[in-house]
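Enquirer: Sequence:
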Amino acid sequence: MTEISVLHGAPAGDAYPCGIVTSPDGRFVWTATRGEDVLSVLAVEGEELRLIATVPCGGHWPRALTASDGFLYVASERSGDVTWFATDPRTGIPRRAGSIGVTAASCVILG
1 MTEISVLHGA
11 PAGDAYPCGI
21 VTSPDGRFVW
31 TATRGEDVLS
41 VLAVEGEELR
51 LIATVPCGGH
61 WPRALTASDG
71 FLYVASERSG
81 DVTWFATDPR
91 TGIPRRAGSI
101 GVTAASCVIL
111 G
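1 is the number of the first residue of the sequence shown in full-length UniProt numbering; add one for each residue after it.
What the hints contain is simulated information worked out from the structure, not anything from laboratory work.
Think of the CB as a built atom: it goes at the ideal place given N, C-alpha and C, for glycine as much as any other residue.
It cannot be assumed that every hint is accurate.
[Stated by the list, open to error] Restraint-style ranges between C-beta atoms, simulated for each label pair: (1) Arg-96 x Pro-17: 18 to 24 Å; (2) Gly-26 x Thr-103: 31 to 37 Å; (3) Gly-111 x Arg-50: 32 to 38 Å; (4) Ser-106 x Asp-14: 15 to 21 Å; (5) Pro-24 x Cys-107: 16 to 22 Å; (6) Gly-13 x Gly-46: 32 to 38 Å; (7) Ile-20 x Arg-95: 18 to 24 Å; (8) Thr-22 x Ser-99: 22 to 28 Å; (9) Asp-25 x Gly-101: 27 to 33 Å.
Could you build all of it, start to finish, from the sequences and the hints given here?
Expert: Following this line, the structure appears as structure tokens:
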């Protein structure tokens, strides 16, 4: 597998990768980057990844990602919220669907 950047150009400041999840069908990979506060969407093409899109993560300082039933959930620690996104099954691109305040959110566990 070839290493690729999930950010367009150099980060503006501190940027730390966190969280990585795959879609249930294995066609997409989502990552989060702290500092830049973005989600990156990658397409899985054989043994390679291709960056499709980078979108705001919905909060500040994402800590964890969870994917389930067509949604991507992001826990953002410093803004104190969990944001969820509907994921397009064709492109993998997440669209913000809602948010809830959670003090110092650091993970999302669905059950």
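Enquirer: The structure should be examined with respect to each hint, and the outcome stated for every one.
Expert: Cross-check of the supplied hints:
no.	hint	in the structure
1	Arg-96 x Pro-17: 18 to 24 Å	holds, 21 Å
2	Gly-26 x Thr-103: 31 to 37 Å	holds, 34 Å
3	Gly-111 x Arg-50: 32 to 38 Å	holds, 33 Å
4	Ser-106 x Asp-14: 15 to 21 Å	holds, 18 Å
5	Pro-24 x Cys-107: 16 to 22 Å	holds, 19 Å
6	Gly-13 x Gly-46: 32 to 38 Å	holds, 35 Å
7	Ile-20 x Arg-95: 18 to 24 Å	holds, 20 Å
8	Thr-22 x Ser-99: 22 to 28 Å	holds, 23 Å
9	Asp-25 x Gly-101: 27 to 33 Å	holds, 32 Å
Violation of the numbered hints given earlier is absent; every hint is satisfied by the structure.
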